[in-house]
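Sequence order for the protein chains is A, B, C and D. No gaps in the numbering here: position 137 of the first sequence is 137 in the working numbering, and each next residue is one more. No gaps in the numbering here: position 237 of the second sequence is 1237 in the working numbering, and each next residue is one more. No gaps in the numbering here: position 53 of the third sequence is 2053 in the working numbering, and each next residue is one more. No gaps in the numbering here: position 303 of the fourth sequence is 3303 in the working numbering, and each next residue is one more.
Bear in mind the hints are in silico, worked out from the structure with no lab data behind them. Each hint should be verified, as a subset may be incorrect.
Rough simulated footprint, nothing fancy, chain B against chain A, three-plus residues with beta-carbon under 8 angstroms [claimed, not checked]: (1) 19-25; (2) 34-47; (3) 55-68; (4) 87-100; (5) 179-190; (6) 243-255.
If you're wondering where the values come from, they're calculated on a predicted model, not measured in any experiment. Cβ coordinates follow ideal geometry from the N, Cα and C atoms, glycine included.
Protein chains: 4
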Amino acid sequence: MNQVPASPERRFASDNNAGVHPRVLEAITAANSGHATAYGDDPWTHRAEAVFRELFGAPVETFMVWGGTGANVMALATMLSPAGAVLCTDAAHINVDETGAPERVLGAKLIDVPHDNGRLHPEQIREYAHFTGVMHHVQPSVLSITQSTEWGTLYSPEDIGVLCDTAHSMGMTVHLDGARIANATAALGGTVEALRAFTIDAGVDVVSFGGAKNGMMHGEAVVYLDPSLARSAPYVRKQVTQLPSKVRYISAQFVALLEDGLWIKNATHANRMATRLFEQVAGIPGVGLSGPPAVNSLYPVLPVDRIDPLRDWSFFYDWSVHDHQVRWMTSWDTTAADIDAFAEGVAHFLA
Amino acid sequence: MNQVPASPERRFASDNNAGVHPRVLEAITAANSGHATAYGDDPWTHRAEAVFRELFGAPVETFMVWGGTGANVMALATMLSPAGAVLCTDAAHINVDETGAPERVLGAKLIDVPHDNGRLHPEQIREYAHFTGVMHHVQPSVLSITQSTEWGTLYSPEDIGVLCDTAHSMGMTVHLDGARIANATAALGGTVEALRAFTIDAGVDVVSFGGAKNGMMHGEAVVYLDPSLARSAPYVRKQVTQLPSKVRYISAQFVALLEDGLWIKNATHANRMATRLFEQVAGIPGVGLSGPPAVNSLYPVLPVDRIDPLRDWSFFYDWSVHDHQVRWMTSWDTTAADIDAFAEGVAHFLA
Amino acid sequence: MNQVPASPERRFASDNNAGVHPRVLEAITAANSGHATAYGDDPWTHRAEAVFRELFGAPVETFMVWGGTGANVMALATMLSPAGAVLCTDAAHINVDETGAPERVLGAKLIDVPHDNGRLHPEQIREYAHFTGVMHHVQPSVLSITQSTEWGTLYSPEDIGVLCDTAHSMGMTVHLDGARIANATAALGGTVEALRAFTIDAGVDVVSFGGAKNGMMHGEAVVYLDPSLARSAPYVRKQVTQLPSKVRYISAQFVALLEDGLWIKNATHANRMATRLFEQVAGIPGVGLSGPPAVNSLYPVLPVDRIDPLRDWSFFYDWSVHDHQVRWMTSWDTTAADIDAFAEGVAHFLA
Amino acid sequence: MNQVPASPERRFASDNNAGVHPRVLEAITAANSGHATAYGDDPWTHRAEAVFRELFGAPVETFMVWGGTGANVMALATMLSPAGAVLCTDAAHINVDETGAPERVLGAKLIDVPHDNGRLHPEQIREYAHFTGVMHHVQPSVLSITQSTEWGTLYSPEDIGVLCDTAHSMGMTVHLDGARIANATAALGGTVEALRAFTIDAGVDVVSFGGAKNGMMHGEAVVYLDPSLARSAPYVRKQVTQLPSKVRYISAQFVALLEDGLWIKNATHANRMATRLFEQVAGIPGVGLSGPPAVNSLYPVLPVDRIDPLRDWSFFYDWSVHDHQVRWMTSWDTTAADIDAFAEGVAHFLA
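So here's chain A without its partners, still in its complex pose (with noise of 0.2 angstroms):
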């Protein structure tokens, strides 16, 4: 066997591993000055807050907090109906990988139907139609849904605007999970039309603003593109912990996040060095790999015995322990030089 080659000097477990973008550091460093009216009467937050009325071109209602969890679970508080539930994927955050948070926090069921590759399809929501008005049964009353999905695939425009159409035609409202909102945008178009054609002018109602796993160091915002939904906002954001105290740290990052695109640029970048990756590994024998990326994350089949030797040599997560499948994740901070010693990795690993 060759020599093991230099592992990378970034690996590819999680977005959530990289660092925070240089620009994202300089603006906390900028809004480290003086004293400054906590939880959100500051200069920093009411600029991010118009940021957010830009970005999406309407009077939205932006709500700054600590992170994608406590931003869904404070969404959903906001705009579930008594005795209602949410409708999802097996494959939802929330359904998985929220240690139960949404049912603890909001006493409410979530349906999980199953995904298609992440997706959901607006059939699976007019099958629960039969619920409504039924007293034994839950009550539909948020679709949530995630883009770009928790299996690294995106809906396009049109397939929103059919499911928002579905839910609201079934009292629904619609909650987006935008976690990896940023990879999203820049792989449907990188514009800021191309982040308003999925969202509000698909129909969307609440948005989870992801900014951690694109740069920023913590602060994810509930956004309002119904602002009529945000009327119990204020205080449920406390209530569900989810309120920072010194919320200019978290503005000011967002502002520097979104005011000169910075946001498409790191997400642009983190989902061509997936493709990068793609391109690099596809043809090494034993990689399973079903097509290009969407978005910023590979979910290679792997030979069962040579899983742990790789990840070993450069950590990464199981996605499918039963069907030997991984996840390899890029990031606003991965580099070409990451790609190369990865794929070098797996090849020597897999040979």
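Given the structure of chain A, go ahead and fit chains B, C and D onto it with the hints provided.
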């Protein structure tokens, strides 16, 4: 009337209006280096956990969380028995200032008893002993006290020892909301021994250890002085939406704050500034103050018609509108010049 | 000491110690006829719903439930706004005697204010107006009062009118815990008009209408005087575990109780028996009573060493151990002979 | 077309459409004698508790509750660990037919796995072993199975033994929803030994023991086969709104049902009637049935255009609208004449 003096550079609204201490910000910047596993398995977090063990001289278990309300809710969530209640004062932050987060996330009652200048007395716990074993009443399960209290007062280590003994004798555990634990430590001696005396040595089981009010940007720690109570903590933390992803940036702040005694230095300074403010304003006619501050806040009663003009000049919060009582709070960055300027303003607006 | 007199056939422990009124039991037996759709779509329930509409002279919406705690929790669950709180007295059954069911099932805070002999005053509501709109505080959402109160006292219709006006003016709705609404109605005139005067005419929105303490076997009703609040009631009832399956057996009881005024007859009798008891014991040395009862209970202070011997002879409950105060309660089936026997025992054991 | 035959006196909609067995009603009437302490400290309840101990031949702890959803929720509330989840089938009553009561009252996730004709297999439990110890996932805590199942099928005692062993080996406890435990017992031998074989001997920890579907008016029992799990049960029962006040009327029913084997007699009869119905309709062209019933229900597929006419003639429920499948259910009071009449109607409407 004389000319209006210049308002102080930093106001006296709250210690969470202050920025981040330069050494803490440096630590954040230093932590921004390459990739690190999210959710706590990183060198900064391991170091911070060790620092907390050194601080308490015991194998305590520490969990970083986003904010103070979250810290309290997470701690209580792991401590409460089924049908259990939290006993606290009616002035407790968890009771008044967290928008019902404990009730919502815990599904538990807070039994709030009248406070004595922010403090709770042992007989107020014993009074609820007759609830125990009666199926129509919630079961007293956790005592939650705040140190320093919401009224800027302190329990002595002996006070807390008796409260803990009383609670434990009734089968309860004890939570200490230490949003300002540094100010308390500074006031009670300013040493690690002082901290231990009123926490681990006194019998406290779990501490919400504050960071953001003492020079950090964000982050608090839930410290299990009794590590046996931490069994479900990893899951509960995520479930109550308090698991940070890029936790290294919180851990690095705690290390910077705790390792060289910066936390006590900051708090000692804030406390001294409050004493200085007291010395300068106590004699001003119209300023009603019962005595020097124990920690970093004053609660003066003011002539009702002077409150708003003074506040418009340099912002602060009402404490009790009914009693014309306000709160002036110092922080780690309050300067002597700020005090002098503010005192001059008080004299001016009360003249 | 004289010979111990015979203890009364029925004791004075609680009106829920009494059995089922013969006419109610007959109605149950009559309802036991063949098959009937479960969950409320049956002739007995339709008739009971009509009876409630006749009673209140309005298109009220009525939902049968299992028990009193369940009725209160269901009513509040449909009334609370997000992050909303329930305002009640510290003596309220929901606050003290329901083992925290409201907090658990509602996830909401009860703001408990000091009671005045069981009652709450309008200024205690207004005191919380400053919470409204402040994101750190729960939002006052529902006022819950009890009629007759837990202390055996009454609000006048005018009292309740002012409480409702105050609550409504603050955007709150009003719940009335009517576990003993029949005793209140009997005491305030004993007519349907009397009932309406302190409920629907006074502005109450939702009533927990008690049955079990007034001659029923089981069952209470949640009556939406404001039917617009009942929109989610069918689903919420089941969700809080309060949807009876064979509901016809509850509905039939309510029809028997309400149709021919039996409910007022029963309650009038219970109230009269309490007055008779007062008349017989008030003069006994050692019996501390402040005045005649408003409804069906007395709260005497007794010599501490005589309480247990008397209780061993004929069981009753402590009211305030600290004050040596006990509760004697009459019910629909208390007889004059029971009173005479009990009064004789009181005289004997206090001699 | 022939003349429409007379519809049966009792329909086949549900066993909860049936009335109360005469002996049970007699027991209620007999219990209506004078005063009795509420909430369970009465002779009828003590007797019922003893009867349950005799039934299981062990010091089980029994708690009477109002209804089936309440029994399930109470049982689970005392069994769940912090951040724990309930594993059940996607057809489970707790998952589909309780309007999200478990999620609301427990604040816990139900992990619902695909059912196999109502049943769950051990490997579906083991599949979730990888959740244990991972902080991003709910922790598998309770296995909940239904016997007889929602699809009218049965687990053998051996099946349940393996499920219990699997669950226990993963640190989980086992709940059995026994809404129709009598029908299962009847089908598996009709003896006390048969009951014990698939419950206490198989390793089940807690049973929701049904009464209302088997001839009672109201009332179910939560039976702790493992009494150590009952520690918080008295408080939790009240907290989840399931503590009856005049509980003697439930206890007396259980005594009547259980003491002389009436519960097995009733269930055996219901099961036999279902078999008789199967024998009479299985051969009718258009009736799709896979085989004879295990307990008291049939799930025929019918020609879609014949369902409504037949239902209008004698009411029953849809089971799967999509598959044109309905449910016919017998009960303790179904008569041979009812079967004959119904079968005649089926033949008529399908002709």
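So which hints don't hold here, by number, going up? Failing hint: just 5.
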